[in-house]
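2 protein chains.
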Amino acid sequence: MQSSRSVFFISDRTGVTAENFGISLLNQFGQIKFKSTTVPFVDTPFKAQQLIENINTIAKTKNQRVIVFSSIISEHIRRMFDNHAYIFHIDVFDSFIPMLEQEFDTKAHMVMGLTHSIVDETKYDARIHAVNFALENDDGITDKNFSKADVILVGVSRSGKTPTCLYLALQYGILMANYPLTPDDLHRTELPNMLKPYRNKLFGLTIEPLRLNRIRTERRPNSTYASLHNCQLEINEAESMFRQHGIPFLNSTHKSVEELAASILQITNIQRRC
Amino acid sequence: MQSSRSVFFISDRTGVTAENFGISLLNQFGQIKFKSTTVPFVDTPFKAQQLIENINTIAKTKNQRVIVFSSIISEHIRRMFDNHAYIFHIDVFDSFIPMLEQEFDTKAHMVMGLTHSIVDETKYDARIHAVNFALENDDGITDKNFSKADVILVGVSRSGKTPTCLYLALQYGILMANYPLTPDDLHRTELPNMLKPYRNKLFGLTIEPLRLNRIRTERRPNSTYASLHNCQLEINEAESMFRQHGIPFLNSTHKSVEELAASILQITNIQRRC
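If you read the sequences in order, they're chains H and Z.
Okay, so the first sequence: first residue is 1 according to our numbering, each after it adds one.
Okay, so the second sequence: first residue is 1 according to our numbering, each after it adds one.
Same shape as in the complex, but just chain H:
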């Protein structure tokens, strides 16, 4: 069996950019097994030197180059990873900053820590406000803030509403509420009373019955609530309601929160706050 290939995502800040970028490339090589490590806050030559020694040790043990994806602002520090026999270095900044400088006809500032830090406090506060809003307006606890919500997610219990709301709040500052469709709601053809005034803010989530059955069974084994028959029934009724009232909806079964969020933003055309 081939051993796994070692990869490092390194950064002088959180490492989110280097990791995200590196993973999207490595995912295209599904035939190779990668062992990846993210190292944030590599912001001094001393830390860089220590890391290089660690990487060299790994590479020598495996007798194979280690892949390093870096996003490090300091030219001095990032260059330290160049020209090592055992390091294959892909540098986000070196690769593109020169061509952007030419296009913009100006020099880059190269100031540390601008990407995932609090550059704009108002925008950051909007994210945190949105997280609190999502928590306070989760699971149909109350409709008192529905008028302030950007989107009200609607779906049967465990269809994926809460994680989707939290992701949209945390990443984009969207004011998300959600409302669980109960069996009582589903037996009627009308919209639930709490939702009627907000028809144009509603967005539905649905899910495959088998997946819902599995999720609910983990919570309440052997319950009517979790039974496949009941899951099928609830989902059919929820989808009928969405169609009847022209509520856009998505199936969350094979979609990550990132995909659901991107689709919801695109379909609703809601303005992001960050």
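If you're looking for bench data, these hints aren't it; they were derived computationally from the structure.
Check each hint, because a few of them may be wrong.
One copy or any two copies: either way a pair holds, since identical chains are not told apart in the list.
[Said to hold, decoys possible] Taking lysine to any residue and the SDA-like style, the derived pairs with C-alpha atoms no more than 25 Å apart in a straight line are:
no.: 1; residue 1: K62; residue 2: E103
no.: 2; residue 1: K107; residue 2: F96
no.: 3; residue 1: K35; residue 2: T57
no.: 4; residue 1: K123; residue 2: Q171
Once you've looked at the hints, dock chain Z against the given chain H.
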């Protein structure tokens, strides 16, 4: 005044990678104002053609090239954005896939939608499980799951515990609980009883008194709770507690959830589940 420079982040999937990557580069040009648009799901030549026409219209109106950052798997579709007089195209895949193919001595698969979709259902379920865990163990509601938690965040009310927990759960599948230090807890020198058995899982958050005062004032104006004097007192006592019991802690005032999360992972050495 110089008008803003138009930028598009485009992808056949969520656009998260292209946006993240592009923003980290553009942030280095703080002197330029950018007007950015993210377009996900550009997965057919027809959609690409429509988008190119829109971009060309913008560019011609402004008489300035539009910057396009793309992460599109289909070679045919991404090449459609090349060689336009009005498009400055930075292609994440074209730039690096060839050199990685050479390094790995194999061809890339180039299969769509691997980065922010559910490739590994177990890993994805771990994220969603962690979100539910964070919600159920938020704000010291109960200690019944503290034994299962990876980390228990501790701090005074509104020091940033909940958003940090949710981010670590949603991004990395970490099982996070949190416990708010109340004035009763703070007047004693001992750890709160609920926390005593979990000393080695505790991580503290602190915050500057002025910032805490501002956040609490929005919630409860003119209260003792929000007063600057009380905020100072609570923070002093909380920090004393952290120091006395050797609890690692961070100041959340100027740190984003991304930065807090990266630091907490690094300091605790907790294993990510995704």
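Verification of the supplied hints:
1. K62 with E103: Result: close only across copies, 15 Å inter versus 42 Å intra.
2. K107 with F96: Both ways: K107 and F96 sit 12 Å apart in one copy and 24 Å across, limit 25 Å.
3. K35 with T57: For K35 and T57, the Cα distance is within 25 Å only inside one copy (15 Å; across copies 45 Å).
4. K123 with Q171: both (11 Å within a copy, 20 Å between copies)
Consistency with the previously given hints is maintained throughout, with no hint failing.
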